[in-house]
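Given the coordinates of chain A, assemble chain B onto it according to the supplied hints.
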Amino acid sequence: MEKVVTILLVEDDEVDVMNVKRAFKKGNVSNPLFVANNGIEALEMLESKTMGNPKIILLDLNMPKMGGIEFLEVLRKKEEFKNISVFVMTTSNEESDKIDAYNLNVAGYILKPLSMDRFIEAVSILNNYWKLCEFPD
Amino acid sequence: MQNFHRLLRRQIKKHLPEDFDADLIQDFLDSVNEAYQDFNEDMDKLELTLELSSQELFRVNEELRKNIARKTAEAEQLNTRIESIVNSVQEIIFQTDLNGNWTYLNSAWEEITGYGVEESLGSSFLSHIHPEDRKNSASSVLNILKGNSESNRYTARYITKSGEVKWAEAYLSLDCDTNKAVTGYSGTLNDITDRFEAQQELKKLALVARETDNIVVVTDVKGKISWVNNAFTKLTEYSMEEVLGKTPGSILQGPGTDPEIKKEMREAVLAQKSFSGEVYNYSKSGQGYWLSISISPMLNAKNEIEGFIAIELDITSKKEDEKKLEEARQTLKFALEGNQYGLWDWDVEMNKVSFSDVWKSMLGYKPNEIDDSFTVWESLLHPSDVEMAKSTIENYLKGKVDKYEAEFRMKTKNGPYLWILANGKGLSFMPDGSPKRIIGTHQDITNRKKEERQLEKYAVDLERINSELDKFAYIVSHDLKAPLRAINNLSEWIEEDLVDLMSEENKEQMNLLRGRVKRMENLINGILQYSRAGRSKSEKRLMDSQRVISEIIEDLDIPQNFEMDIDSNFPRVFTEPIALEQIFSNLISNAIKYNDNPNPKIAVKWKDLGPSFEFSVFDNGPGIDPQYHEKVFVIFQTLQSRDTYESTGVGLAIVKKIIEDQNADIRIESELGKGTKFIIRWPKD
Chain A
92 MEKVVTILLV
102 EDDEVDVMNV
112 KRAFKKGNVS
122 NPLFVANNGI
132 EALEMLESKT
142 MGNPKIILLD
152 LNMPKMGGIE
162 FLEVLRKKEE
172 FKNISVFVMT
182 TSNEESDKID
192 AYNLNVAGYI
202 LKPLSMDRFI
212 EAVSILNNYW
222 KLCEFPD
Chain B
161 MQNFHRLLRR
171 QIKKHLPEDF
181 DADLIQDFLD
191 SVNEAYQDFN
201 EDMDKLELTL
211 ELSSQELFRV
221 NEELRKNIAR
231 KTAEAEQLNT
241 RIESIVNSVQ
251 EIIFQTDLNG
261 NWTYLNSAWE
271 EITGYGVEES
281 LGSSFLSHIH
291 PEDRKNSASS
301 VLNILKGNSE
311 SNRYTARYIT
321 KSGEVKWAEA
331 YLSLDCDTNK
341 AVTGYSGTLN
351 DITDRFEAQQ
361 ELKKLALVAR
371 ETDNIVVVTD
381 VKGKISWVNN
391 AFTKLTEYSM
401 EEVLGKTPGS
411 ILQGPGTDPE
421 IKKEMREAVL
431 AQKSFSGEVY
441 NYSKSGQGYW
451 LSISISPMLN
461 AKNEIEGFIA
471 IELDITSKKE
481 DEKKLEEARQ
491 TLKFALEGNQ
501 YGLWDWDVEM
511 NKVSFSDVWK
521 SMLGYKPNEI
531 DDSFTVWESL
541 LHPSDVEMAK
551 STIENYLKGK
561 VDKYEAEFRM
571 KTKNGPYLWI
581 LANGKGLSFM
591 PDGSPKRIIG
601 THQDITNRKK
611 EERQLEKYAV
621 DLERINSELD
631 KFAYIVSHDL
641 KAPLRAINNL
651 SEWIEEDLVD
661 LMSEENKEQM
671 NLLRGRVKRM
681 ENLINGILQY
691 SRAGRSKSEK
701 RLMDSQRVIS
711 EIIEDLDIPQ
721 NFEMDIDSNF
731 PRVFTEPIAL
741 EQIFSNLISN
751 AIKYNDNPNP
761 KIAVKWKDLG
771 PSFEFSVFDN
781 GPGIDPQYHE
791 KVFVIFQTLQ
801 SRDTYESTGV
811 GLAIVKKIIE
821 DQNADIRIES
831 ELGKGTKFII
841 RWPKD
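Going down the list, the protein sequences come from chains A and B.
Residue numbers 92 to 228, in the working numbering, belong to the letters of the first sequence in order.
Residue numbers 161 to 845, in the working numbering, belong to the letters of the second sequence in order.
This is chain A alone, in the form it adopts within the complex (with noise of 0.2 Å):
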């Protein structure tokens, strides 16, 4: 049977969550998704083990109280989180931002779209890529 690895989805937009829901559906990703409001939450979220081990999270970067960069910061320290794949979905076209993510390891970083069907575009094809991928247990 098929391994389903659970995903966080860390972002404070409401219609972003909406967004990434809808385009779940809409490209049939059925992974359980869990979404955190910001970095502290998320981290949260991670240590008390409510939704399990997650193997991908995806990571807005302006976010209150703790942005994505940092975030991701505080989780490669951490031994047990440190191997996550993280995917960065942002509008900051940043140059500076872009090269932080990467020093900090993430599999991807990925401008969010203006079109949904762009959108459904790119989660179908991280889609097919988790399937493809071997995780650890």
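By construction, these hints were calculated from the structure, which means they are not laboratory data.
A few of these clues could be false.
Said to hold, decoys possible - Each computed EDC-like pair below joins lysine to aspartate or glutamate, with the alpha-carbon atoms no more than 16 Å apart:
no.: 1; chain 1: A; residue 1: Lys117; chain 2: B; residue 2: Glu655
no.: 2; chain 1: B; residue 1: Lys384; chain 2: B; residue 2: Glu438
no.: 3; chain 1: B; residue 1: Lys560; chain 2: B; residue 2: Asp592
no.: 4; chain 1: B; residue 1: Lys321; chain 2: B; residue 2: Glu371
no.: 5; chain 1: B; residue 1: Lys631; chain 2: A; residue 2: Glu170
no.: 6; chain 1: B; residue 1: Lys571; chain 2: B; residue 2: Asp545
no.: 7; chain 1: A; residue 1: Lys146; chain 2: A; residue 2: Glu171
no.: 8; chain 1: B; residue 1: Lys609; chain 2: B; residue 2: Asp545
no.: 9; chain 1: B; residue 1: Lys631; chain 2: A; residue 2: Glu185
no.: 10; chain 1: A; residue 1: Lys140; chain 2: A; residue 2: Asp188
no.: 11; chain 1: A; residue 1: Lys117; chain 2: B; residue 2: Glu656
no.: 12; chain 1: B; residue 1: Lys678; chain 2: A; residue 2: Asp208
no.: 13; chain 1: A; residue 1: Lys116; chain 2: B; residue 2: Asp532
no.: 14; chain 1: A; residue 1: Lys112; chain 2: B; residue 2: Glu652
no.: 15; chain 1: A; residue 1: Lys117; chain 2: B; residue 2: Glu397
no.: 16; chain 1: A; residue 1: Lys169; chain 2: A; residue 2: Glu135
no.: 17; chain 1: B; residue 1: Lys631; chain 2: A; residue 2: Asp208
no.: 18; chain 1: B; residue 1: Lys573; chain 2: B; residue 2: Asp517
no.: 19; chain 1: B; residue 1: Lys667; chain 2: B; residue 2: Glu655
no.: 20; chain 1: B; residue 1: Lys700; chain 2: B; residue 2: Glu736
no.: 21; chain 1: B; residue 1: Lys573; chain 2: B; residue 2: Asp531
no.: 22; chain 1: B; residue 1: Lys512; chain 2: B; residue 2: Asp532
no.: 23; chain 1: A; residue 1: Lys117; chain 2: B; residue 2: Glu652
no.: 24; chain 1: B; residue 1: Lys844; chain 2: B; residue 2: Asp785
no.: 25; chain 1: B; residue 1: Lys444; chain 2: B; residue 2: Glu397
no.: 26; chain 1: B; residue 1: Lys512; chain 2: B; residue 2: Glu487
no.: 27; chain 1: B; residue 1: Lys761; chain 2: B; residue 2: Asp717
no.: 28; chain 1: A; residue 1: Lys112; chain 2: A; residue 2: Asp191
no.: 29; chain 1: B; residue 1: Lys520; chain 2: B; residue 2: Glu547
no.: 30; chain 1: A; residue 1: Lys116; chain 2: B; residue 2: Asp592
no.: 31; chain 1: A; residue 1: Lys117; chain 2: A; residue 2: Asp208
no.: 32; chain 1: B; residue 1: Lys478; chain 2: B; residue 2: Glu438
no.: 33; chain 1: B; residue 1: Lys573; chain 2: B; residue 2: Glu538
Positioned in the frame of chain A, the structure of chain B alone reads:
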């Protein structure tokens, strides 16, 4: 018979019979006896004489023996005396055999050469001579042997046991035996090192005195010239013969000679004391000159005055220089003070400082209100500047910098501080190169300092504003785009969810809504691009514009019907990598995008204008009305409705901004209907 001589009686007894009658030959016997008696008498006499002679002989013999003993003693004494004389003389007395090997040396040998007499005997005299003098010594000896001279005197260097080189004077003569055959040499060696060196020294001193540039005059006790050197003759034009026996004053002094100095000199000589000073004298031809003169009495061994020696130096040019310098100084002072430069003059050697009136008035003081001293300057310095100001001077004094320059604050009489720019340079120098006297200026630069601080503040502000702008642009990009995307997404969801309820008109409205959202995003991107343009932080380097242009044309996906006229061999220009790319990609893509000609054509050209390159991008599109030639470069200005051409109006604004940042310029040649040519002039350096 009894009276006969006993010898006769013995003869009678022996030769005549006992019964012989002696009377028969009485007479005969008597005469024989008489003969015997005479003989006996003679014998006795002879004996006595013999006795006496023998005694005489003995006495003479005794005397002779004593004499011999005395003579021997005398000879021995003489020998010892000679030996002791020979050994006590300071000269080496020697003898050699024919080969020149020592056969005799006195003890002076040991003292002078350090070699023992015993160890030296048998060795060659040449082995003790300095290698450079051996040849000469050998030939001297040969000369004697050949009979060219009977004795010879010459000097040679020899080497002592400790290796010292000393000078010796040798006196050499031949030794001959009774047959006049030469058996060797004898002579003396005299150590003349001290004498030789003293002579050399004297020669040297005499040469110095004669040839020195200083004038040397020697006089007797009465001040009459007994000797002058060449420098004297050269300057005064008098030969030694002309001045001998005369007093220097009578020949050399003239109307310009200061009577006071004359008197001083005369009195010093009379009192037999030293004198030094500066005197104005005249040469034979009447040429005046300045002398720095120093007279000292000459004393003999008994400390009596034998005369005077005067050492003099021609200081005419120095005096003239001093005068010129003083004049120049006055001129400079006049010029500088007229321009409100304060002057200072520091004699480092004497530690004397003087400040000009302007120097003082700059700080609010009247000339007599503050002293001219180093400490006054120091005390007026701002406490925080003291260390820096002093170490700057130290650095100049030590030669670490070739000019003294410092900026510091100084307190004015009324209290407030002024910013002073101090400059200075050495005027004269010590033998070690360090300045002896420094002169310099003070300038009030308080206003300039204020301006500088203002400028610094502007620079800091600018930096801050720039970084704020960066942040602002970032915020704009994210925070303005996020809601746009939400609007876009939400409109799509509404459309999806209400797909059956919406009319065609509603759907068109939704599309328009999203079209405007898209335009808004483009505008935001445009603002970002514009704000970043020309602020690239990358290094400038030589860029191959040929490659940049070829790549742009490849990337632009130009429609088939476009006629392209692109020059080749575009030059290399020195710039940031991104600049060229942005400029040409904007210009060329505009030329394609707005070209409505049925036979569209684009030309990209270049030429070398010497100090700069000229690039041009031409299209045969609609052209631009000259009244808009300026406006097209303003951000968000588009000449067409955004609904006709989806355009932000940022491209040309970015081009212009980059070009200005590169010190290049851009202009348009265009008229409506005649196409458009953008011309860029790009400086080579």
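What are the numbers of the hints the structure violates, in ascending order?
The structure breaks hints 2, 4, 5, 10, 13, 15, 17, 24, 26, 28, 29 and 30; every other hint is satisfied.
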